[in-house]
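Novice: Spelled out from the first residue to the last, the chains are:
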Amino acid sequence: MSTKKRARKTVKKTVSFSDDTTLTTYQNHEKKNADHDRPPVYVRKTPLMNFPYHLVMLLYYYIFLSSDFNTVKLLSLLIPAQISYLVLQFNKCTVYGNKIIKINYPLALICLGVTFLLSFPAMLLTILFGAPLMDLLWETWLLSLHFAFLAYPAVYAVFNCDFKVGLWKKYFIFIVVGGWISCIVIPLDWDRDWQNWPIPIVVGGYLGALVGYTIGAYI
Amino acid sequence: MNLKQFTCLSCAQLFAILLFIFAFFPRKIVLTGISQQDPDEDRDLQHNRPFQKLVFVIIDALRSDFLFDAQISHFNNVHQWLNTGEAWGYTSFANPPTVTLPRLKSITTGSTPSFIDLLLNVAQDIDSNDLSEHDSWLQQFIQHNNTIRFMGDDTWLKLFPHEWFDFADPTHSFFVSDFTQVDNNVTRNLQKKLFQEWAQWDVAILHYLGLDHIGHRDGPHSKFMGTKHQEMDSILKSIYDQVLEHENDDDTLICVLGDHGMNELGNHGGSSAGETSAGLLFLSPKLSRFAKPEPQETHILPINGTPDHDFQYLESVQQIDIVPTIAALFGMPIPMNSVGIIIPDFLQLLPNKLASMKENFMHLWRLSDHHDDVALDDFTINDIYTKMHDIQETLTRSATNYNYPLLAVAFVSFLFTTIVAVYQLQRYSGPSFCHLHISSLSVILVSVILGVSTFASSFIEEEHQLWWWIVTASSVVPLFLYPSNAFVFARWFIMIACVRLIKFWNNSGQKFIYSNVMSNLLNQNPFWKWYLNSSTFLALIIPSARSQLLHFIVTTILVGLCFTYKISWEIVNGNQAEIPPFMQGLLTKMDFLPTENNLLLLARVFFQAWSIVVISRLALTKLKVLDKRYLIEDMKLYITVLLIFQTSSQNIGQFIIFQILQSQIYYFFQHLPTSLSLTSPSEVYLSSLVSLILQNFTFFQFGGTNSISTIDLGNAYHGVSSDYNIYVVGILMSVANFAPAIYWSMLPWSINYGSASSQNKLQTFIMSKMPAFTYHCIFGACLMTACIFLRFHLFIWSVFSPKLCYFLGWNLVMGLLNGWLPELAILFALD
Chain A
4 MSTKKRARKT VKKTVSFSDD TTLTTYQNHE KKNADHDRPP VYVRKTPLMN FPYHLVMLLY
64 YYIFLSSDFN TVKLLSLLIP AQISYLVLQF NKCTVYGNKI IKINYPLALI CLGVTFLLSF
124 PAMLLTILFG APLMDLLWET WLLSLHFAFL AYPAVYAVFN CDFKVGLWKK YFIFIVVGGW
184 ISCIVIPLDW DRDWQNWPIP IVVGGYLGAL VGYTIGAYI
Chain B
-19 MNLKQFTCLS CAQLFAILLF IFAFFPRKIV LTGISQQDPD EDRDLQHNRP FQKLVFVIID
41 ALRSDFLFDA QISHFNNVHQ WLNTGEAWGY TSFANPPTVT LPRLKSITTG STPSFIDLLL
101 NVAQDIDSND LSEHDSWLQQ FIQHNNTIRF MGDDTWLKLF PHEWFDFADP THSFFVSDFT
161 QVDNNVTRNL QKKLFQEWAQ WDVAILHYLG LDHIGHRDGP HSKFMGTKHQ EMDSILKSIY
221 DQVLEHENDD DTLICVLGDH GMNELGNHGG SSAGETSAGL LFLSPKLSRF AKPEPQETHI
281 LPINGTPDHD FQYLESVQQI DIVPTIAALF GMPIPMNSVG IIIPDFLQLL PNKLASMKEN
341 FMHLWRLSDH HDDVALDDFT INDIYTKMHD IQETLTRSAT NYNYPLLAVA FVSFLFTTIV
401 AVYQLQRYSG PSFCHLHISS LSVILVSVIL GVSTFASSFI EEEHQLWWWI VTASSVVPLF
461 LYPSNAFVFA RWFIMIACVR LIKFWNNSGQ KFIYSNVMSN LLNQNPFWKW YLNSSTFLAL
521 IIPSARSQLL HFIVTTILVG LCFTYKISWE IVNGNQAEIP PFMQGLLTKM DFLPTENNLL
581 LLARVFFQAW SIVVISRLAL TKLKVLDKRY LIEDMKLYIT VLLIFQTSSQ NIGQFIIFQI
641 LQSQIYYFFQ HLPTSLSLTS PSEVYLSSLV SLILQNFTFF QFGGTNSIST IDLGNAYHGV
701 SSDYNIYVVG ILMSVANFAP AIYWSMLPWS INYGSASSQN KLQTFIMSKM PAFTYHCIFG
761 ACLMTACIFL RFHLFIWSVF SPKLCYFLGW NLVMGLLNGW LPELAILFAL D
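Protein chains in written order, with the working numbering: chain A, 4 to 222; chain B, -19 to 811.
Source of the hints: derived by calculation from the structure; they are not laboratory data. Positions of the beta carbon are idealized from the N, C-alpha and C atoms, including for glycine. It is possible that some hints are incorrect.
So these bits of chain B aren't anywhere near chain A, every CB distance computed over 10 Å [what the hints assert, rightly or not]: (1) Asp134; (2) Ser218; (3) Trp345; (4) Tyr384; (5) Gln404; (6) Leu446; (7) Ile476; (8) Ile521; (9) Arg584; (10) Leu652; (11) Leu770.
Far from chain B, some chain A residues (derived; all Cβ distances over 12 Å) [what the hints assert, rightly or not]: (12) Ser70; (13) Thr74; (14) Ala84; (15) Gly100; (16) Leu145; (17) Trp197; (18) Gln198.
Calculated pairs, EDC-like style, for lysine to aspartate or glutamate (alpha carbon to alpha carbon, straight line, at most 16 Å) [stated by the list, open to error]: (19) Lys491/B to Asp194/A; (20) Lys266/B to Asp230/B; (21) Lys491/B to Asp196/A.
With the rest of the complex left out, here is chain B (with noise of 0.2 Å):
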């Protein structure tokens, strides 16, 4: 096979892939129009409308524990708000996938967002998600000739139209790190906008995410987390107090919300109890008059923990649930494509509430497919709520189809590269087809192994565990290999030492959570994390010594530069208390001043000395002018050093790590033992599957899970403003996920290159990606299959159409970009 045939053979597996993703994730059935009443109907329900003003507050990320608990709520003014009976708590349950955009969505129509919205939710430039066209409440309120105001995300503004909103004050919601200037952006139009003008405008919008941004930052026990809460209990008592100075104007209710809440690391996207309880309230004086809903009787809050655990405080309720009891509050219709129910509590407030009730039920029945009329005047209150739960789940969890013929399209021909693919591993390694070679069947058990294990969801939340137990009996067999003396159970003790301690570095998966694992103990004593940071950056410079002066010169440079910056980094986000002194002090000396503007500045510097560093020197090397016995190993570490400057610092002192193991992993290659008599295809398939393997295994040991929530953010703004650009944004968050693989993905390159010659090293390249390629594509056919068999799985939509992404991940920025362009651009300047 040339490269000519194999780049086909990829772009058609890509393309399968992408295809696949396409069919597989269903765009919903959305009913246009909005509803609307009979005009004589509506005026009196308008006139009559329990509720004249509406002051939405969404806190993004308001876990349900976080406003009830006693534990770690500091809501106090909330807490009395709830025992007088003015406020109305509930824990609402949030639909997955837990993020920012599809919540909004959901929260406005009514309607259960689908998988597709989460990655629109990455790529929020598309813009299908105008919801001008469709019904919400806010479309109610506009049709109603009522003002809103909207201050806080901008999220919001790629939602609905400018035009909607009398005043808007968006903020950027990406830029994660800041989290006082972006509530504070929202705070100081308070004042002014709505205290000042208050009888100017019927609904306000305020969607905070500072405290959404801590949770990203340090998780839900972040230290932040108390006077963030405080704030936020502040300017809901500032707005109460507006609310009572206008005297008789009782008819002004609050509504505090979380769109989704986070799990323990701080994370959302998933569907684990913490993500999809969010917190919910409802507050005005107008309430209190009223029958407190029956949990807010029986507790006082703030509330002891719960029994289980499960973040389920007073009563539960579907998020959806506000569309249409805030519909209902302020007399309006309910939105086209909303499947919630009113509130029960609220009943009492309405009208006339067995019209409302009867309203919501006939929406339901008539969003269910049932086109014929109901006598409900024989059924109780009870009754229907039970009616309309049941149509509620059914509405809520068929709400996809499939593009079946597009699916079956891409499988046929995923199927087909995969059997050319295996074809083509085959034939290289052996004599004969049939002839199975060791180092090709083992590329394919590990592939089969871990494909037959996507068809259990379980195994692919704790794919970590299955690498793991690859990687352990990789790593017994050259003890089988090599003759047994001390010398060589030396080496193999400190690569499993190696293995053991990479394991060890950090939680992944969903099931097992150990708190004694490095990244905590490391974050706990942080001085001791910046010595064994700063003992990694010294052991990328040492060995660059003894190659020439310049690289030593270089090298030292731009770790150099990759050092000051995360240090400053931390102090930029105020945990200088955790930096060494000595460290800080350099800072001082070099006359560094750590502040935003020259973070984003030295950033910059550092990415441009970078691709200066690595240009020139595959173009000297291509003149000549540099020897290139080194190139390899040169650039190695260059390419190494910018993965620690997108890592975050708890994980930098892994690469120490790695470096050690990876030494290990090359003597014993080299010393492969000659009655082994490999032959050399043999050998690279050898060196790529143990890359392979180190590159998934050292992957989920960075933290990474087949979640969506366990992206990292936190490094994909490395010398990026508020103005992004989002193509830059998407290669550092890709380099920052992916580094350990990255790094993994180079270990081949001395072994396979070092003695081919120019025309051969093609050929290696080719062999080279040979088991990976096989490896994704055995894999890739399993998990499609599993895809289209289980597509009805409860779990579909939280576990395989992640891994999905994921996987489309694998190939995109492993496969094609980081499997192709530096080992070609190594190549064209070795030759």
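Chain A extracted, bound-state conformation (with noise of 0.2 Å):
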């Protein structure tokens, strides 16, 4: 229904915080030329350098290897990594105004802070869609800063590239959904260790980043 109700609107000529305008620039860009207020961003369709392959490593190592499903461990093995995904992937993928922009070190490290402060909205917005109201606290923030610092890159780029949130919410919608999904394992009677709140909901944030970050560049 999204992109039909894109499709139909037409471009916006004011600056705005939102979405659409991006990608309705985006799409006409090979048309016209390119609009100096608002160059077109987007991340570069090569596969392999976009793949996280840090993601897949950190999953491996928190379902088989970690003892007993230790989520602050993954939580300070995660950060370096989704810097360095940053950095040295991400960053060079995506493209602002025809041209890929260095990455800038002081931004990205404002955006860990901005990214820590984002995991307390998270953590009402977990709440919201069904965390213990009163129990658990601390799973459940652990929880939300493992979503947040999963949407570490895309903070990054929303910052970079003059906060044109509508290309990057897919990557945000996608660790939500990943998340969503994973719940269902929770209500089975399995009674096994990897049950409990919230190492389910952790890998299906994980899982659905891993999806998101690869293929959010052809969405």
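Join the two chains, each given in its own frame, into one complex according to the hints.
Specialist: Here it is, written out as structure tokens:
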């Protein structure tokens, strides 16, 4: 439905934080000259370059190697891995105004802080979507931190590319959808360790992010 | 499709479900006839029987820890007897369904119950419960000319003919709000009918209900529990003192047991450890002369908890083992259908223990369809017991058989209605059959998700999680459909916060029980509960002021009556301290004295006032005296008041959340983006789908589950006196249990009938019923397939069959009664 909606809209002339202008601009890009107020932003379609190898390794570590699903330790591995993914892979695929911009280290650092702060609204959303309201708050916050740092490259990109949220929205959505789908294993009566809160959702979030960063450029 | 065709389709569906249930719930093969022995042998056994008198005390829902656990038990005398060896204690396994009638059948006949007994427990008028022709230890006592006296739960008199009892004083079992009178009615006869006429009876049966009633009301940790334990304990003491008093009469056996246990909410019916672990106690001065059961040697009572919290204290036995044990101890043959095994500790009391064991073994051997004799002489006692346990296990498992041809007919006809329903749903929504429109697609998607989930028993138990999963998914849809501005976002946020709050209100399912849920918090802070409840009542009155004056007055009266009743009910039930004083002051100002009788009267006044208001409102609108613009809104309000009347106090606050949530949903429906270009059928479908999702979601968040044990009986007796009418109670019970679902089924009314012309209204009615109907068809087809394929599954009777009953309930109550009557009445008035 949403694509249909977008296609019908006329191109807005104002500068806004929202979404749709970027895509429309990009779609029309080949016909028109580049608009310097709104330079095209997109992710290059280079599957090998985009692919988040570190997420696969982290998942493998979390599921098969780590003892009793140590979510804290996973987080401490995730943060450096995401930073290097951003610097080495993601940023090199992001095209802004027909060129790849160099990594902006101070901004990357600021974004770390922002991502950390983002974990609180993420926690609110997690609770609204069904995390226990008064119990297991620490686990829920850990989960939100994971979600936030999974989105870290996208957060950086949002800041780096003039808040064109529309293009990066899908990365956030993929993570959320992954977490949402993974909830389905919780009610099963298998009584496994990995069914404990928040382990399945963490795994689901990682899988969602994995899919998101892999195919994000094509959507 | 016109109304006639739709009616036919609905009837066909309901008929198929009923047929399926009739075929699926098997009646067990019960051997007729009464066990008999060779007359000489019988005389011999009777002469040597270890005990002469039996006092059989059933304390309803006496869970094992109530007898044995130091944390919760107040049975101090019992602990003392257990320590001296005068009493032998066991944890007995009560086969599910753990409700009274099937349990009594098991305890007396020794057979395991079938699921159909559970349903009959609710509909007790049906005659098939008569055990007068069947063999039981009562039957054997009668055959051996013993006198039986009975006092307690009248379920016994439904099972056994009145003539068997030399004296009988039955009490009603279904009136759950009373828990002192019901027990005093039993105890009052002890002195006169048992103690003073000691020589005139051989068997006395006492059945106490109070403890079960406390459990239903307040749960196992209720403040009333301690005193109830002490009361029961002192009654046992008084009986035991009588036994001791009758000098050399140490041949009286007192048998104390719970017919089942209860779960942590105080309900029963399912198969959790708490529900199936009942306490069992044998008490006699004679027992102290024999060796105590082994665990009693090593443990000093009361025991301080069990390692796994599984309620297994001391030795664990099957509850049906009581039957051959009693038969052996009183020198009688084992009842025909018994699959019990004599409790090993009692062998030492028997005059000829090898013969008794052999009889027990041969009995089981023949029951398991063997006709040859076995030479038992080579086996040791332990070997025989292992063999008997093996047979017992097979016998209890395979006690069922199915009517396959009938099942097939029912299933095929249900599949047929499903295909017709899907076809019709599709035909309305799009230009052609193959062109799937998003609205009908989502209906089918939801149905298929839920349908497939029925193949996993845990998804049936935790169905509320699936609905929550769907609710979260569907609640993000507005974010994508509507222009993203702050106003829409605020609406959306309020909506999802409401939904989350509803999810927070109660525990549902079996797996996750949180103590921090709204209903618990409210019960711990009762003043807050009543402030919230009164604001809910106010929130009903205030919007009615915008309508006609008459409506405002009528609503105020109805709400006032409802509020007065709710407060008085709490006071009558001993929770006076929970009501804020100023609300009690209101009662005194109104000169209303909350007593049992006044309560009954008040409830009847409310029901009468409500019916008069609703009927006259409909009639006056039809006669065009009153404006029909407000009819739908006003009717919704009246029905909401009735629903609140039938809701427990800790859930009343949910209705204010419902009101807020509903206004947000209306906003989204009124401002559907034009870009969606929804045809009117799809809009009807969408509103019905939202209604369906919320019905199921809130049903579970009101504390409902798919287990029989959470059926709320506490609200089924408003305005009903002790000589109740089963149909009235049935209707009240349905309204109480489906209250939130009924509320949300009214959601599409204003969306659908706001603008449609009268000719279209009937068509809209059918269309709005299609999504729920299709959902029930697809879901039911999957559920039936699951039941057929998994008919030998371990959980077939504890999970799948209750779900089948709930499915029938949803179709009958929500689909037919609630889905058709109110809506058609309104359409008629609007014409």
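Novice: Looking back at the numbered hints, which does the structure fail to meet, lowest number first?
Specialist: The structure breaks hints 6, 7 and 18; every other hint is satisfied.
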